[in-house]
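Protein chains in written order, with the numbering used here: chain A, 1 to 551; chain B, 552 to 858; chain C, 859 to 1211.
Keep in mind the hints are simulated off the structure, nothing from the lab.
Don't be surprised by glycine CBs; every beta carbon is placed ideally from N, CA and C.
Hints should not be assumed to be uniformly reliable.
List of simulated lysine-lysine pairs, DSSO-like, C-alpha gap at most 30 Å [what the hints assert, rightly or not]:
#: 1; chain 1: A; residue 1: 136; chain 2: B; residue 2: 851
#: 2; chain 1: B; residue 1: 793; chain 2: B; residue 2: 851
#: 3; chain 1: A; residue 1: 75; chain 2: B; residue 2: 714
#: 4; chain 1: A; residue 1: 121; chain 2: B; residue 2: 714
#: 5; chain 1: A; residue 1: 75; chain 2: A; residue 2: 138
#: 6; chain 1: A; residue 1: 200; chain 2: A; residue 2: 226
#: 7; chain 1: B; residue 1: 851; chain 2: A; residue 2: 138
#: 8; chain 1: A; residue 1: 136; chain 2: B; residue 2: 793
#: 9; chain 1: A; residue 1: 123; chain 2: A; residue 2: 136
#: 10; chain 1: B; residue 1: 714; chain 2: A; residue 2: 136
#: 11; chain 1: C; residue 1: 1077; chain 2: A; residue 2: 380
#: 12; chain 1: B; residue 1: 851; chain 2: B; residue 2: 714
#: 13; chain 1: B; residue 1: 851; chain 2: A; residue 2: 75
#: 14; chain 1: A; residue 1: 75; chain 2: A; residue 2: 121
#: 15; chain 1: C; residue 1: 1030; chain 2: C; residue 2: 1051
Derived coverage of chain A by chain C (criterion: at least 3 residues anywhere in the stretch with Cβ under 8 Å from a Cβ of chain C; other residues may be distant) [claimed, not checked]:
#: 16; stretch: 312-326
#: 17; stretch: 330-344
#: 18; stretch: 356-366
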Amino acid sequence: MNQSVLTLSNITKRFGDLVANDNISLELASGEVLALLGENGAGKSTLVSILFGHYTADEGEIRVRGQLLPPGDPKAALAAGIGMVHQHFTLADNLSVLDNIMMGSEPLWQPFSRHADAIDKLKAVALEFGLTVDPKAKVGSLSVGERQRVEILKALYRGARILILDEPTAVLTPQESEGLFEVLAQMVAQGLSIIFISHKLGEVLRVSDRVAVLRGGQLVAEAPAKGTTQAQLAQWMVGHAIDAPVRRPAQAVGGVVCVLNQVSTAPGRERLNNVSLDLRAGEIVAIAGVSGNGQVALAELLCGTRAATSGTVTFLGQPLPPRPAELVALGVARIPEDRHAVGVVGDLPVWENAVSERLRSPAFSRWGWVRRTRARAFAKQVIDAFDVRGGGPLVAARALSGGNMQKLILGRALMPTGRAAIEGIPSQGATCGPHPSPLPVGEGVMQGHQAPRLIIAHQPTWGLDIGAVAYVQSQLIAARDAGAAVLVISDDLDEVLTLGDRVAVMHAGEMSAARPALNWSREAIGLAMAGVVGAQSHHHSAAHSLSPTQS
Amino acid sequence: MTEFLDILTNPAFWVAVLRIATPLILGTLGVLLCERAGVLNLGIEGIMVAGAFTGWLAVYGGAPLWVGVAVAALTGAVLGLLHAFLTVGLALSQHVSGLGITLLATALSYYGYRVSFPKVTTPPTITPFAEMSWLPVPILAQQTAMTLLALLAVPLITYVLFKTPVGLAVRMVGENPQAAEGQGVSVARVRTGSIVAGSALMGVAGSFLTLSAFNAFFFNMVNGRGWICVALVVFASWRPGKALLGALLFAFFDALQLRLQQMNEAVLPYQLYLMLPYLLSIVALILVARKASYPQALMKPYRKGER
Amino acid sequence: MRLEKRSHSSPTALALAPLGAVVFTLLISALLVLWAGAPVGQTYGLLFQGGFGSVFALSETLTRAIPLMLTGLAAAVAFKARLFNIGAEGQLYVGALAAVAVGGLHGGTGFDLPPALLFVLMMLAAALAGALLLLGPALLKAKLGVDEVVTTLLLNFIVLLFVSMMLDGPMKDPTALGWPQSVALLPELELSKLIPQTRVHSGLLWGLALALAIWALMKYTVPGFDIRAVGANARAAAFAGVSVTRTVVLVALLSGGLAGLAGAIEVAGRTSYLTLDMSPGYGYSGIVIAMLAGLHPLGVVLGSVFVAGVLVGADSMSRIVGVPTYIADVIVATSLIAVLVATLLTQYRVRWK
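Just chain A, with the same shape it has in the complex (with noise of 0.2 Å):
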């Protein structure tokens, strides 16, 4: 039982001047719940894309139940048994279930397709491990559950034995997490092992037997679930002892900022079905639930991408502009989900994504002609104030790294503009770190200048290490405590219970009433994610749908 399936030997792997993988060794065992742990930029996609075949290793090599692998070569994991369950699904949404899951299982060669045969097959993989699924469904026509049931189902149907998931629960409610965690046990009685990649300390330590935490590269900790606390592995994982989040609750609570009154938007898949909120000065309303529920049209409305079909939106009494344009003129700074694809245009120079928003203000623009002095100068104080490293102004804005285009992002839009912020007076304090002391704000602190009176940040520490999240979010508090009303749209749930003054959850469209934090558990939270709350109208009840069979 407690032979090694799974033998990694000094494993180092290279990008260019970067290693992502130095000199790792590990051993997984028969049956067992690995966690594998680590930072963004650890190294822990890395080595499992290795030990998939999606990459090859410079050195070291890597056994199955004694068997040397072939590296690089996914068709040789596949047949060793090592199975993957990608976090961003590779799915096509075009095809069926069935042609999802058979594809590449029989020889190229072959002039036919044994389709009965394989739907037999896969009814018995599913029916073993309780996973139900449609083999005819397109793919495209499913729910994120039931995807990622397609995607686990993928591996089985090919036997794996190894399986590897990671991230598997950040597209999951807390209680599809629960569904998730019983159909691993059901695998580890089958006699499966698994590899489990996760940056949720707490869902770590309750699933997995033991952990493994990479840092910059290298294997720093091993240790047995059992008897490891959540602040030992945060420390593993960042090198130093770092303090929990503090609660630092709002101050003043000013007049209201920003009203969206029973605001619908076009059906789809995002859509807003009457929703109702109030933002105010000096608070954070924080909007839990889980990704697909509605956030991006929210997102997009408050930014100017999108039009709501009935209901109104007024921003300090006025109806909001529905351009971005015209909202960054009146003080409303954005962050967008995605900052690869919407956040920043890769191609151009960082100057050049640092005024973007307003380079239509006169500030930056005459009769159509770019004031490039002043652009550029605009853009080092936000490099400056922001500790946006990666090459300088220059540089296009795709080579930065994600934490440093985050900060460019975060510091366009909360930089304030006005003469002096122009001209050149050195914005007061805002320093790197964990402990930025507060952007410049208010009256008479510099003269006509604009900080943002309304800040939308959508996901904003999404895929960010743990220095650059404690940046981020210490950010937004100072932003708050400065007098701006903060709306943070978040599926990770620390994050929400640590930024909102104020919560909100979403499903399928629809929004809770905004409690304080304090009102709420986490279970309450949890359950109004899936939908389960007394006052919702709406009963897709998704949390019952998702549950694995009984067997």
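Starting from the known structure of chain A, arrange chains B and C on it as the hints suggest.
Only chains B and C this time, still in chain A's reference frame:
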């Protein structure tokens, strides 16, 4: 109105329809194969010219007709390999690579023709495919064997795409290459194979013009048929059966405009009739635009193992 | 085979890349020359001489470069915004048609307007005609997602047929003895010659000025930023406040307008009337030039002179040595592919597995 019905009831009309449709069927199937695998191949116009030229040249040089067709297919395959090298191997822009190949293939063909026949005023001819008079089916009997080839290609490709493992691999590679790679299928190999096979079909489509429809090679012979195939693939929603339908529909209007011209004589300028097929292609594209379910990975280059 | 990104590109590699491309192109073309049975060295010598070897040759090259410069700019602007305008050929012809309509159709009266004003109107009409022709496909792409490559291509065929129709009918020159050509422009509207006794006309100045203007637009103005942003990442541009539809319309107007002007300038500077064979594919060559120039407006100027020189040189060489003129097209197409590959190789290393 009666004149219109006269045209439709005349079997010679339908013979012309099928003849005009043949290169379109083959060319559209060729583009379909490439695009199903996720690669746009704008080299079709040039590949058709090259196929028309090399196939004809082989026959002029003494080879039997089917060898000429094979030579045309080989020419297409080689040009397809070049396109695959540029777009799959080097991940260059599919638009640019395709257009470059069209220019290159056309220029090479015209150059080759001029070098081979420097001082001719009337184009030299060959003996083309004969009609299939042994076939008891009307309208089909007046076609050549290449038309039969085109018609048979439709169910064959349908079968391969939807009922074989390699066809599923092609479709998956065009929808989500990461998924394909993750299940042990080499995206590069499958895409290259599809492009080569599709381009071979395009070469054969070109050779139909010189070996069957006509018996000589002219400049501007292909005259935009390749681009029409690209439009027809969208119209066909990337399905072979609908591609056949689209080709026949287009050929119907093309044959019709010729006869309307002859009928109406000087009422409308002949150029308006000639414009009709191109206008219809644009209209067809607009009509299906909203509903088109693209292969999701079409025109997105895939670089394996890049961070 | 696999591509691996280089951590840095050495400046020598960047400079050598185009050189390597040129050498490769010349090698391939040399094979073709041998196939034609001509001596390679002499052929290349005559090619170079015919394009650049004398004042006369240079003047012919520059004359040929003028429309290429403009269609090259048209392609560069459009491609920068990821609007693949393959219809410059058709836009060129409608521009020429509009120019002839304004400049020649009035039977000598000139609409009773002073020539200077008529000239301006003529050019505006040409630009507008080209712009409107591209606007349709551009909007179809922006609103309905219809691929503009196919629509602009098909429009080329339609336009050519339309021009043929016009030349047979309303615009036919009655004094041309049955030859299908259009009425001529008023002589006052023709562009003046830059160098006497040659065909080089002031259209060259137009081309250079427009290249500079486009370069300045792209680099220093807000619309230029919009165009570059939309071309690089339309979603991010929209998020930052750029109106994507307005930018697409702007690009269509600019690109189509430039191609339309190319037609008008050809008529006003070189031929003074319109025929069906006025353009031996300038629209398509413009695309190649734009890509060779890396979509840089000033690079387009250089590229157009290069391509024009090859085309003119090939004509002159062919008369002496007998190598078919199509070799020019082979050289241009091969150099395009070679430059693309060479540029890529400066950024990536090829690994054979």
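Each hint, compared with the structure:
Restraint check: the Cα-Cα separation between residue 136 of chain A and residue 851 of chain B comes to about 27 Å, which is no more than 30 Å; the hinted pair holds. Restraint check for residue 793 of chain B and residue 851 of chain B: satisfied, since their Cα atoms lie roughly 25 Å apart, inside the 30 Å limit. The suggested pairing of residue 75 of chain A with residue 714 of chain B holds, with an alpha-carbon distance near 22 Å, which does not exceed 30 Å. Proximity of residue 121 of chain A to residue 714 of chain B is assessed by CA-CA distance (about 18 Å); at most 30 Å being required, the pair is judged to hold.
The straight-line distance between the Cα atoms of residue 75 of chain A and residue 138 of chain A is roughly 25 Å, inside the 30 Å bound, and the hint therefore holds. With a C-alpha separation of about 16 Å, the suggested pairing of residue 200 of chain A with residue 226 of chain A holds against the 30 Å cut-off. Among the hinted pairs, residue 851 of chain B with residue 138 of chain A is consistent with the structure: their alpha-carbon atoms are about 22 Å apart, no more than 30 Å. Distance restraint check for residue 136 of chain A and residue 793 of chain B: the Cα-Cα separation of roughly 22 Å lies within the 30 Å cut-off, and the hinted pair is therefore satisfied.
About 12 Å separates the Cα atoms of residue 123 of chain A and residue 136 of chain A, which keeps this hinted pair within 30 Å; it holds. This hinted pair checks out: residue 714 of chain B and residue 136 of chain A have alpha carbons roughly 15 Å apart, not beyond 30 Å. A threshold of 30 Å between alpha carbons decides the hint, and for residue 1077 of chain C with residue 380 of chain A the separation of about 19 Å falls inside it, so the pair holds. A distance of roughly 26 Å separates the Cα atoms of residue 851 of chain B and residue 714 of chain B; the hinted pair therefore holds under the 30 Å criterion.
With a C-alpha separation of about 24 Å, the suggested pair residue 851 of chain B and residue 75 of chain A falls inside the 30 Å cut-off, and the hint holds. In summary, the hint linking residue 75 of chain A to residue 121 of chain A is supported, as the alpha carbons are separated by about 20 Å, within the 30 Å threshold. Using a Cα cut-off of 30 Å, the hinted pair residue 1030 of chain C and residue 1051 of chain C holds, with the two alpha carbons roughly 27 Å apart. With 3 residues bearing a CB less than 8 Å from a CB of chain C, the stretch 312-326 of chain A meets the requirement of three and the coverage assertion stands.
Closer than 8 Å: that is the beta-carbon criterion, and the stretch 330-344 of chain A has 6 residues meeting it against chain C, so the requirement of 3 holds. Closer than 8 Å: that is the beta-carbon criterion, and the stretch 356-366 of chain A has 5 residues meeting it against chain C, so the requirement of 3 holds.
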